[in-house]
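Please model the entire structure based on the sequences and the hints provided.
Residue numbers (the working numbering), protein chains in the order written: chain A, 1 to 407; chain B, 408 to 814; chain C, 815 to 1221; chain D, 1222 to 1628.
Hints were generated in silico from the structure; no laboratory data involved.
Note that the structure is predicted; figures quoted are calculated from it, not measured.
For every residue, glycine included, the Cβ atom is placed at its ideal position computed from N, Cα and C.
Hints are not guaranteed to be accurate.
[Claimed, not checked] Straight-line alpha carbon distances no greater than 20 Å define the calculated DMTMM-like cross-link-like pairs of lysine to aspartate or glutamate that follow:
hint, chain 1, residue 1, chain 2, residue 2
1, A, Lys54, A, Asp7
2, A, Lys336, D, Glu1225
3, B, Lys740, C, Glu818
4, A, Lys333, D, Glu1353
5, D, Lys1619, A, Glu280
6, B, Lys461, B, Glu441
7, A, Lys398, D, Glu1501
[Unchecked claim] Where chain C lies over chain B, by a calculated footprint (3+ residues, C-beta under 8 Å):
hint, stretch
8, 688-694
9, 706-714
10, 729-740
Number of protein chains: 4
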Amino acid sequence: MNFEYSDQVKQLLQQLEGFMADFVYPAEQRYRDEVQQAANPWANPPVIEELKVKARELGLWNLFIPESHREFGGLGLSNAEYAPLAEVMGRVLWSSEVFNCSAPDTGNMEVLMMYGTPAQREQWLTPLLAGEIRSAFAMTEPAVASSDATNIECLIERRGDDYVINGRKWYITGAMRESCRVLILMGKNDPDNPSRHQQQSMILVPADTPGVKLVRACTALGFDDAPIGHAEVLFEDVTVPAENMLLGPGRGFEIAQGRLGPGRIHHCMRLIGCAQRALELACQRSVSRSTFGKQLAQHQSIREVIAQSYAEIEQARLLTLKTADLMDRAGNKVAKNLIAAAKIVVPAMAQRVLDRAMQIHGAGGLSEDYFMAEAFTYARTCRLADGPDEVHMMALGKQVIGELGGA
Amino acid sequence: MNFEYSDQVKQLLQQLEGFMADFVYPAEQRYRDEVQQAANPWANPPVIEELKVKARELGLWNLFIPESHREFGGLGLSNAEYAPLAEVMGRVLWSSEVFNCSAPDTGNMEVLMMYGTPAQREQWLTPLLAGEIRSAFAMTEPAVASSDATNIECLIERRGDDYVINGRKWYITGAMRESCRVLILMGKNDPDNPSRHQQQSMILVPADTPGVKLVRACTALGFDDAPIGHAEVLFEDVTVPAENMLLGPGRGFEIAQGRLGPGRIHHCMRLIGCAQRALELACQRSVSRSTFGKQLAQHQSIREVIAQSYAEIEQARLLTLKTADLMDRAGNKVAKNLIAAAKIVVPAMAQRVLDRAMQIHGAGGLSEDYFMAEAFTYARTCRLADGPDEVHMMALGKQVIGELGGA
Amino acid sequence: MNFEYSDQVKQLLQQLEGFMADFVYPAEQRYRDEVQQAANPWANPPVIEELKVKARELGLWNLFIPESHREFGGLGLSNAEYAPLAEVMGRVLWSSEVFNCSAPDTGNMEVLMMYGTPAQREQWLTPLLAGEIRSAFAMTEPAVASSDATNIECLIERRGDDYVINGRKWYITGAMRESCRVLILMGKNDPDNPSRHQQQSMILVPADTPGVKLVRACTALGFDDAPIGHAEVLFEDVTVPAENMLLGPGRGFEIAQGRLGPGRIHHCMRLIGCAQRALELACQRSVSRSTFGKQLAQHQSIREVIAQSYAEIEQARLLTLKTADLMDRAGNKVAKNLIAAAKIVVPAMAQRVLDRAMQIHGAGGLSEDYFMAEAFTYARTCRLADGPDEVHMMALGKQVIGELGGA
Amino acid sequence: MNFEYSDQVKQLLQQLEGFMADFVYPAEQRYRDEVQQAANPWANPPVIEELKVKARELGLWNLFIPESHREFGGLGLSNAEYAPLAEVMGRVLWSSEVFNCSAPDTGNMEVLMMYGTPAQREQWLTPLLAGEIRSAFAMTEPAVASSDATNIECLIERRGDDYVINGRKWYITGAMRESCRVLILMGKNDPDNPSRHQQQSMILVPADTPGVKLVRACTALGFDDAPIGHAEVLFEDVTVPAENMLLGPGRGFEIAQGRLGPGRIHHCMRLIGCAQRALELACQRSVSRSTFGKQLAQHQSIREVIAQSYAEIEQARLLTLKTADLMDRAGNKVAKNLIAAAKIVVPAMAQRVLDRAMQIHGAGGLSEDYFMAEAFTYARTCRLADGPDEVHMMALGKQVIGELGGA
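Written out as structure tokens, the structure reads:
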């Protein structure tokens, strides 16, 4: 047992933290301004594109690519090695993209690495890895409880050499983007299959296919999250060639399970960065403001809140690291209990820590002058994203009872 | 002891609920659309003005005016009688204004009723009571922890027959409005007074006075809350006649204490309405969606969450009613323990109940298709508005220890 | 609406508080000593018997008897009027018996008032009302999840003019007592009845009937709660005359529903007294001890804890009072939602408040020198007694969804 | 980074778990019986002495001795290596003593290893290491808030070649034991020293010294914890030779800091074992009982509770392991933040997990038939033992603000 990061990770951390300090933190206000003043809210602000060039030059690029897919780039980091780096990126909500490590593209790239044909990879993976285009993942539907994916109603029907897609999706993160070129869509090609887990497929849908209609930009707790956005998308007789199918018809669940594990744990890593930064802001605020004759830092209740937050962050970080490590050593399937545990623990922890930090900042905590309001919303959203926590508790509880109940 | 509403209240409730059902709920989408498409985001959407006319005709107008100020209008309701009506209004965040019962105007009107000179009332109270103009209350400052009001730095200096005001305020709710004509400003006229609670005054500042600069519309957790808004306002050599002073120099704290009690409890009443509506939505959702082979309503964990929410709402409602009742019978000062208790209990309760209801709604819970996202933000904001809960716990705890500690 | 106690209640409260101050608080150490040194731990300590005489003389006797059964004694108090009195009794865990208002006898007496035949009343109710004998209520079984009473396995078989009882019960509060003369037992007389709620009956079992075996005194979190105790009781071919049946065969559920509502709400009343006393002790401690250079009372975190406790107690008290009031006005059946809400709220609240008060007392909080350790255990136990909270949340949640879900 | 136990630890774990399965779990009832029927409740039950012989033969003895003190025995395990073993011992509250790894003796032995003179070691350490005698640690006083150790009032006065001790201590764990031969006492030898942290000393007091009076056995939440017990001890003119002083006069704080860190983390290790066993019991119960037509395990709320408990235990375990690891690598002083974090996290976590497991067991959860009731009390007690959590949050919060506040 050993809780220290390796020398390679320590050195990368130092490099990444340097990059954040030199280029990212100083650009936060510029980013806000560019987004707010953009003619097209769904176009990337110039600052992102500039920083991408810089990060790529320095080799801080595609760090998420796991060892097993080293041939596609990156540094061959394990999940456990990537974790502290992703945590640092999480300190600025938009910074992961600077390093081409942002959701949902990382998950989509992993799907293409694992299941894409050479032609699919050539067309979509190569420009994604280069950060030239963006992608989306279309699963959630407004009409059904999509957390139980067997409820999904979107149809993918075979017609000759094509598939024809009809359905309505929403909260499709990234689909509003000007640069979004492709969606990975989950739907049912075989809704009558007696096996409820073999009715679904995943298929590649170019964003400019006729019939793909961006209905609106949904908001999440009031944020439109431009330039990334969450789209409601209507698919009306959207026709794509049969070779756009991923892995094979009826294998959508199989892909989902491979895709979603790392995606969830990446969210956890970033959320730990959010929480850590909020803790630091809270500490700084508590020494810079006074009430009722003393520094906030001298109030016992402030100290308790700081202590609780410190302890909760540290625990969540360790859980995330152990999960990543088990994914590395034993695979996502074996690690599923820990992935579920991290999914239910980390967003809720981050929300609590951010809530406390906001409270210490007074009105400022709610304002756009700090990253906290947006990060709080991100954490709250993650308690629903990739399925509400309750679904993961159901699965985890059932699994643990199965293992320990001795039945 | 008697927990039933009086017949008058029951009848008013019925009338108000009828109005909500007939006119307000059906207008929610129109309101959203009008706000979103407004040329001037800070102008009232037409729907509000139309509904105001209707409500006034029906006598559902100025219901907040307490018995003691019956001469100014309203129905002479006690706080306890007004409470269930304000709860109903709280079910639609913007609906209080339809009945001329919205913050911060109600509090400002009460200040003018209690402390205004005939001339001040004539100029400002009359059009406020008629719903013709709006007002703001300028207290919080970005540079200091304003929850300890002795920290306030804004200066109100006497020069001849005038006062000259210099300072910066933010989160001044309503000051962005097109119809905002006057601000009640708290500042220091006597910063060197050895009594820390006699340094402050409140003064009337017409919104169009030279030197009053709207710096920006602050957001609260991402919401700009148009058309009401939260302004950052810079006061640069703002000169107003000496007769704009309220009550007298050095009496700002005295006014604040009279003003803020009812304001806080009004927030509580409305938040209970938010929570109650969220509970109803959660119940409706739980019978209309299914996961894993059964209705959400049949999952034991959903039932527990509904049960907890029901119990928490009922308790918070009773606490608020008892507080209102004590304010009626013994005055705001005697009721200060209960007011503080309601302030720390109700917003946090509403946030929890809304959070759970959102969780039951999946992505929809975060969306603008329901009132929950915005109400959640309102509840979260109220944990800071009128001072962070911690300040009220400090005061309440100290008071309770004084009474029970037997020292 | 009116939150004030009536004059009669105020006057009774004053009388009862006087009795507590004069006789009960000063006897707490004597009670502890007598229990600890008793030759028979299940015999009432003399102090109780002495105080019973005093209380009865002063008319503070059988106060629990509801208006509707005024003919049996008491003062004809409503549930809502009894509530604040029971709260005061709750401040000393053993004091309810002094006023003949202690569980489980009050519930058993109510059963006899409501459903007893004249002969049954003569034999058992009369001496119970006089405080001459004690009783027990035998429902919970070790072998099944008794919170779902349809699981109960104890058999009540008709044989000629008798019923023969076989089964094992545990946590039968009061059955260890020397003075316990009768048990009301719930069992199945008709286990094959297709209606799962008509299989059960309640029957009177004299404690000295052959075959009634006290197996052991169970402990609750380490407390044996002598002299009252929680017995494991084995019933082996226990034969009682058929006329001992209550109400009629198959009507056990019906009686249970009538009996358990008031029982639960009485627990709530007493627990509020526990919590209130703990709050007072916490306040007193916080002004009498200092750490790190200041009084505990000056630590902001202590103030927050006191404020939270004050607010939670007040809310729970109001919920309990409203529940009692609805029981009075509309009956236990209509009040079932509120009864369930109180059942899940109050014991948990009391446990939290006691936990905090203990924490403020350091090691003393765990000791037998204060009432807190025992009251904490009482509160914890009440989260399971009369069914675990989860069962009540299930019922309440289902009910609320039915009412608000609009299905 | 590496989350796997070493091969040595895995093998020891296997051996220890085997010992528990073969000898300890089967002896739990015998232990209860022997304690309950003991003529002298403070004498070790024979089962402990038998098992000690067995464990020592197998080399499962003094496992707590850290590498740095390898010369005194044990296996030279690091804290991180010892942690999973202590966790297993924690599954049966009395089992640590079987392996001579029980508090407070381990801490006292460490003090003697670190600071004892050869003569002191010869007299006390040797028989302690052999498990022939037991010891106690006398710090807490009933009259002052001892969590701030500068409040301590017990006096240690020099008189010629002796020290004379006067004071009253309570909750002195182990002092009731028949085999307790020595106390390490903390008191003030120099109460007027201007440095508040140099007034205290620690001194060895043979238990049979005249003037050492066992006043009573205090209970903790109703448990007397026989045969170990928590004594109230009066020291009246207790005279011991000057060479009994540990390290030197005025160095009590210094020793306390060295002693208490490992002690706290050992409690954490054992509490994780308590929580883990409770989780297992809860899982087993949930598959063996049914309510309302289905297995407990099939209720979604049970699954959520199990999932939450699993996640909380895993996090607390990782925090404890990381803390132990940092103590190993950097020393107790550097690890103080993590030690404090573990102290505030683990007992509260264990209490919650046990509380839930008890709730799933119904009345059985409160009974002596399971280890839960006693373990719940142990966890609750640990939130106060070695100082209430609030004191540790104060220290940790202050420290974190100092590090991150950038002041």
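Status of the hints after comparison with the structure:
no.	hint	result
1	A:Lys54 / A:Asp7	24 Å, violated
2	A:Lys336 / D:Glu1225	17 Å, holds
3	B:Lys740 / C:Glu818	18 Å, holds
4	A:Lys333 / D:Glu1353	51 Å, violated
5	D:Lys1619 / A:Glu280	13 Å, holds
6	B:Lys461 / B:Glu441	19 Å, holds
7	A:Lys398 / D:Glu1501	13 Å, holds
8	688-694	holds (count 4)
9	706-714	holds (count 7)
10	729-740	holds (count 3)
Violated hints, in rising order: 1, 4; the structure is consistent with all others.
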